[in-house]
Amino acid sequence: MKILEIDNITKKYNTRIAVDNFSLNAESGKIYGFLGPNGAGKTTTIRMIMGIIEPDSGKIKVFGEKLSESTKKRIGYIPEERGLYRKYRVSDLLHYFGKLKGLSSEEAKRNTDMWLEKVGLKDRANSKIEELSKGMQQNIQLIVSLINDPDLIILDEPFVGLDPINTRNIKEIIYSLKDSGKTIIFSTHQMNEAERLCDHIFLINKGRKIIDGPLDDVKKKYSKNFVSVEFQNKVPNLEDIGIVEKVYYEGNKAEIELRKNTNYNDLLELLMKRGDIKKYEISESSLESIFVEVVTDGI
Amino acid sequence: MASKTKVVAITEFMTSVKRKEFIILTFLLPLILVMSMVIPLFFMQTISHQKETLGVVDESGIVLPILKERYTDYIIKEVPSPEEARQLLENNIISNYIVIPKDFLKVGKASYYSKVQLSSFSSANINLERILSDIVIESLLSDKGVSKETINKVKSPIEMERITVTKKGEEVETPFSFVGNYLLPLFLFMSIMNAGGYLLNGIIEEKENKVVEVLLSTISPNELLSGKILGLGGLGILQVGIWISGIVIITSFLKIPLVSFEKGIIIMIFFILGYLFYSSIFAMIGSISTSTRDSQQISAVVSFLVFIPLLLFFGIVQNPNMAFIRLLGMVPPFIPTIMMMRVLLSEVPIIDIVLSMLILSLSLIVSAKIASKIFKVGILMHGKKPSLSEVLRWVRG
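Just so you know, the sequences run in chain order A and B.
The opening position of the first sequence corresponds to residue 1 in this note's numbering, with each subsequent residue numbered one higher.
The opening position of the second sequence corresponds to residue 1001 in this note's numbering, with each subsequent residue numbered one higher.
Hints are computed from structural coordinates only; laboratory data are not their basis.
These numbers come from a predicted model, not from an experiment.
Warning: the hint list may mix true and false statements.
[Claimed, not checked] The list that follows gives simulated cross-link-like pairs (lysine to aspartate or glutamate, EDC-like), each with its CA atoms no further than 20 Å apart:
id, chain 1, residue 1, chain 2, residue 2
1, B, Lys1018, A, Glu54
2, A, Lys87, B, Glu1390
3, B, Lys1210, A, Glu81
4, A, Lys279, A, Glu293
5, B, Lys1369, A, Asp92
6, B, Lys1376, A, Glu281
7, B, Lys1018, A, Glu130
8, B, Lys1006, A, Glu81
9, B, Lys1376, A, Glu54
10, A, Lys134, B, Glu1138
11, B, Lys1210, A, Glu281
12, A, Lys12, B, Glu1390
13, B, Lys1373, A, Asp56
14, A, Lys234, A, Glu293
15, B, Lys1020, A, Glu130
16, A, Lys87, B, Glu1149
17, B, Lys1115, B, Glu1208
18, B, Lys1376, B, Asp1352
19, B, Lys1385, A, Glu69
20, B, Lys1373, A, Glu54
21, B, Lys1376, A, Glu69
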């Protein structure tokens, strides 16, 4: 089922184009990574999805409908700039947001208790927000976004400033949300987290979408296939092999870049004819290197 | 009312009503003000009970016995000569002295010496002057054979009753109403500024702690702003309600007549319209400001503007319906305070009331529209303060 459809949205601030003809689709039960360098237009796009700002042109549909008050209730959101009322008590704050999101007083209370239990902060229900540690506040912020059991959850940089334990907690919550059929879109610049969590990647740069696809496909498509080989003796000349794009020599070792859509096994066979191979290793490039390359090259 | 607006309004009301500043302003400030008026009065009375001594050098030989009989503000001490009186004054045995010359009855001149500067308004002095002038009148007229009744009539020839005629043609004795006429608008003004201040700080706090983005993902800026204005307006009404009940209790205890019910209603309407007008102004300030400090600077200017009519109070008292005041009472920022004072002090022509309410309501609608536009954009801004041209563009956009 299509949860989010963005169709050619554009947003300008004065003369600067923040988001340029951007489209994307998201389905239920998947985790989407929304990647891009700082200032690429991620937060602007997310704010448009949340209805906080309006696109100059283009359409956004959530749950198959136009954005409205009733669709807003089904979206949970953690903004990049975290914010909570510092003087409020934890339970009062969650209660307030629960009611704002359309829960009855009892439901708000019940969900507050349930979530505080889940993140292990039940004993802090009566503490003031300012008395909590940063990690605890982050957890409260997450609960705020999940208090009314939304179907689409948008997390802007959820892992920034978190210690490993809190990062793991939040990841577990994200996985459990996915298992219960929710759609999660999170923006991050931590590629290792994205690589571990996401089913699907969107990469945006200078307001334009550059990459859009399942994580595996993206990696296949954009990774440059590198192989490192070590020969018993000096490396023979390899550039004449048809499927080889480039070779970097280093004594008995060589880094070979394969042409696109070629096969590692074919290369191994061909190399064995050239000399005695001591070691043969395939090194796929990480999401991080794809990111850096794509963004700097502006593919 | 949209349910989200209601949630915001209730939360704003409940959190603000528990604030220390609110409790202080509502209960402590009136108490301090009342005390600051009652205590000097109390002092003046106790001081006049602790009588000081007035030295009298009576060279005429007539005045001293009459003073001893009639003048009760001081203990009268006879002193033989001015030199001796000066000596006694310097040694602080007497606190002041009066020299009545031989030809006092003819010339009507006497000299009063004191170490402290004398106020011609002090009741002790007024009494003394009256007794002395009575002595002269009595002596002059009885010498001419005028009867005692005529002399008494000459001493206080008239008695003036002060009566205000109300719209209904009733006659009411004008109460000593300076306190009420000045303090009521002042307090209503403070209540407006207080609730407006909470609104301003609330907006800036939400901006500073970034909670606004979470709020705006669930609620529209208009719902948020109306919720805040309604909640804090409720706070202002509660506050004024508490004060008015206090006033009703005190005035019924002191048997001072209150303003009529009609006037009370008109004043409340001005209060509510004034609050709504100013809260939209404060919402604009909050949306544009990037820190509590610069918002305070702008709001200080606004508060001063609102305060101007209160500075004009003594002019308004002289003639609440003069052209200049009527005109000033049609300028939106001044309408609430000026009109409240005019209504309290006099029978304001109905056309003035209707016209000023109309002007205020219209400017309120305009300012609320502008405020909501500025709020919508401004509340998401942080860092740089927007320029005037940027703000104008938000309003147009």
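Exercise. Going back to the hint list, which numbers does this structure go against?
Worked result: Hints 1, 2, 4, 5, 6, 8, 10, 11, 14, 16, 17, 18 and 19 not satisfied by this model.
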